[in-house]
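So you can see what is in the structure, the chains are spelled out below.
Number of protein chains: 2
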Amino acid sequence: MDKPIQGKGFTKWNGEVWLSDPEEAHGFLANWKVKEVLHQETSDFQEVAVIETVGFGRALVLDGIVQTTARDAYIYNEMITHVPLAAHPEPKQVCLIGGGDCGAAREAVKYPVVERVDMVEIDPKVVEVSRKYLPEVAGEGELDPRIQFYFEDGAAFIREKKRHYDVVIVDSSDPVGPAAALFERPFYETVHQSLKEDGIMVCQSESPMFHPHMLRKVHHTLRELFPVVHTYLAAIPTYPGGVWSFTLASKQLDPLKEMEAVKARLQDGQNRYIDQGLLEGCFKLPVYVKELFR
Amino acid sequence: MDKPIQGKGFTKWNGEVWLSDPEEAHGFLANWKVKEVLHQETSDFQEVAVIETVGFGRALVLDGIVQTTARDAYIYNEMITHVPLAAHPEPKQVCLIGGGDCGAAREAVKYPVVERVDMVEIDPKVVEVSRKYLPEVAGEGELDPRIQFYFEDGAAFIREKKRHYDVVIVDSSDPVGPAAALFERPFYETVHQSLKEDGIMVCQSESPMFHPHMLRKVHHTLRELFPVVHTYLAAIPTYPGGVWSFTLASKQLDPLKEMEAVKARLQDGQNRYIDQGLLEGCFKLPVYVKELFR
Chain A
1 MDKPIQGKGF TKWNGEVWLS DPEEAHGFLA NWKVKEVLHQ ETSDFQEVAV IETVGFGRAL
61 VLDGIVQTTA RDAYIYNEMI THVPLAAHPE PKQVCLIGGG DCGAAREAVK YPVVERVDMV
121 EIDPKVVEVS RKYLPEVAGE GELDPRIQFY FEDGAAFIRE KKRHYDVVIV DSSDPVGPAA
181 ALFERPFYET VHQSLKEDGI MVCQSESPMF HPHMLRKVHH TLRELFPVVH TYLAAIPTYP
241 GGVWSFTLAS KQLDPLKEME AVKARLQDGQ NRYIDQGLLE GCFKLPVYVK ELFR
Chain B
1 MDKPIQGKGF TKWNGEVWLS DPEEAHGFLA NWKVKEVLHQ ETSDFQEVAV IETVGFGRAL
61 VLDGIVQTTA RDAYIYNEMI THVPLAAHPE PKQVCLIGGG DCGAAREAVK YPVVERVDMV
121 EIDPKVVEVS RKYLPEVAGE GELDPRIQFY FEDGAAFIRE KKRHYDVVIV DSSDPVGPAA
181 ALFERPFYET VHQSLKEDGI MVCQSESPMF HPHMLRKVHH TLRELFPVVH TYLAAIPTYP
241 GGVWSFTLAS KQLDPLKEME AVKARLQDGQ NRYIDQGLLE GCFKLPVYVK ELFR
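Sequence order for the protein chains is A and B.
With the UniProt record's numbering, the residue at position 101 of the first sequence is 101, and numbering never jumps.
With the UniProt record's numbering, the residue at position 93 of the second sequence is 93, and numbering never jumps.
Take these hints with a grain of salt, some might be off.
For identical chains, the list gives no copy identity; a pair is met inside one copy or between any two copies.
As the list claims (entries may be wrong) - Calculated cross-link-like contacts (lysine-lysine; reagent style BS3-like; alpha-carbon spacing at most 27 Å):
#, residue 1, residue 2
1, K35, K196
2, K290, K110
3, K110, K35
4, K217, K12
5, K12, K33
Please keep in mind that the hints were generated in silico from the structure rather than gathered at the bench.
Computed from a predicted structure; not experimentally measured.
Just chain A, with the same shape it has in the complex (with noise of 0.2 Å):
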């Protein structure tokens, strides 16, 4: 190790450098083995790590949370950007929130319908050691015109948008610190009236396993909100337990009742997790999952 390794998350193990991500109410601990620490600040907001892990490749570490690795972040991020984008007919205003790996605006831009992704992160050091570190997250060279960044608070940026984007990706960390206003409410109330009356938005909604009462939360909530809402799930072996939530809420168009318009629209091209067949299946969801939404 070149650099001495403090900070959240990492830890001495037997003689070598692990980080560690406890899901301490359940006991059980995640840990990736560090080769080397190749980036370590503390931002405005949080503390911003890069890691060179053994098995995962580099990961973006934000407060000792492991929040993206080179290895899997293609199926957080294929998830997160083609249910959505593939489910609105035209998708031409998009709303990123959160995200600062640029890994879900590189999928949006995918779509050459999509005129406009408007990225707002709110911690500028995210985004920026992300480019530096993260390429194969993040991209290499000039990123697509459309992306235009807002380094702001998300939800103070989409209260002042009414009736303004087709597609709002909510792109959050863990309910914690500066994501915590994410998950609640209020949030999704302005969300609302950010969408065009058409409009579709989805937001990670945690681990249906470690986290089954905010995956409830989220869904319940926007059920209040969105007449269609429909969770779906993805197998993220970065994230401790393995599978991730996402939840979609629609003001008007379900995607379930028009699956094979919505298969035909998905740009699967490149894509290495997401394809038509899958996009069906995530929506198919375990009986304990479906138990909580009752």
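Chain B: place on chain A using the hints.
Relative to chain A, chain B alone:
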């Protein structure tokens, strides 16, 4: 802790006892916090332990590897059992190889059409401690009399059966130690011979993320022997990476070509993971998994 902790997998960390399941090649470590070691012995085949974990309830541990936990055993057992049993129109004679925790056998006898389940487990200690310490998995009281135990080597047992079974389920541990032979072509050939002309087999085929070569090998080997081979997935938090694969091989019937009939046969009154929708969805594979089979 009442008993001293030793044996494969156990470690002390920050003054607490944890069971660690390392995916060494991937620099990834999953850890369960241990409340109590309920049982620990060395059988003729392996180290057999039952622990009480903080977050996953009781767990069966073989050679230091968590096999099953009270918390999510149902996912694995429902998925390895209901899929082949629903896929077969009349699964009267069933053979279960491995599965000493009895969870899969208990799922199998939920099908009234099943006349007999031959449970072939090499290690009687696994059945004994599961029945004693893991009632959530192995059940309480008398087991269904259709379940017949054979404490023998599964590969040798099945070699003596010719065109005898409707369904063979290979519920093995990882391909090391006593289960290694159950991932090799000679074993699959004997399973093929043991099946009736419309027979179906299914096996657990490891993690597509951490053991893709093993999954690919199983899938390709079965393709050499059976005309119909389909891999399906389940999200099982207990297994590192969280996503697990099963591979179904069939002599005649193709469940994907008669999915409505398969779904109609699913016994799903009390299932907690699989229902008709999920049964269809579990075959919709991520692109990266499909690419393994090219």
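These are the hints, each one checked on the structure:
Taking identical chains as interchangeable, the C-alpha atoms of K35 and K196 are never at most 27 Å apart, the minima being 47 Å within one chain and 53 Å between chains. With identical chains, the CA atoms of K290 and K110 are at most 27 Å apart between copies only, with a shortest distance of 22 Å across copies and 32 Å within one. For a Cα distance limit of 27 Å, the shortest separation of K110 from K35 qualifies neither inside one copy, at 33 Å, nor across copies, at 49 Å. When the C-alpha separation of K217 and K12 is checked against a cutoff of 27 Å, the pair qualifies neither within a copy, at 36 Å, nor between copies, at 37 Å.
Within a single copy, K12 and K33 get their C-alpha atoms as close as 10 Å, and across copies as close as 18 Å, so both meet the 27 Å cut-off.
In summary, the structure is inconsistent with hints 1, 3, 4 from the numbered list given earlier, while agreeing with the others.
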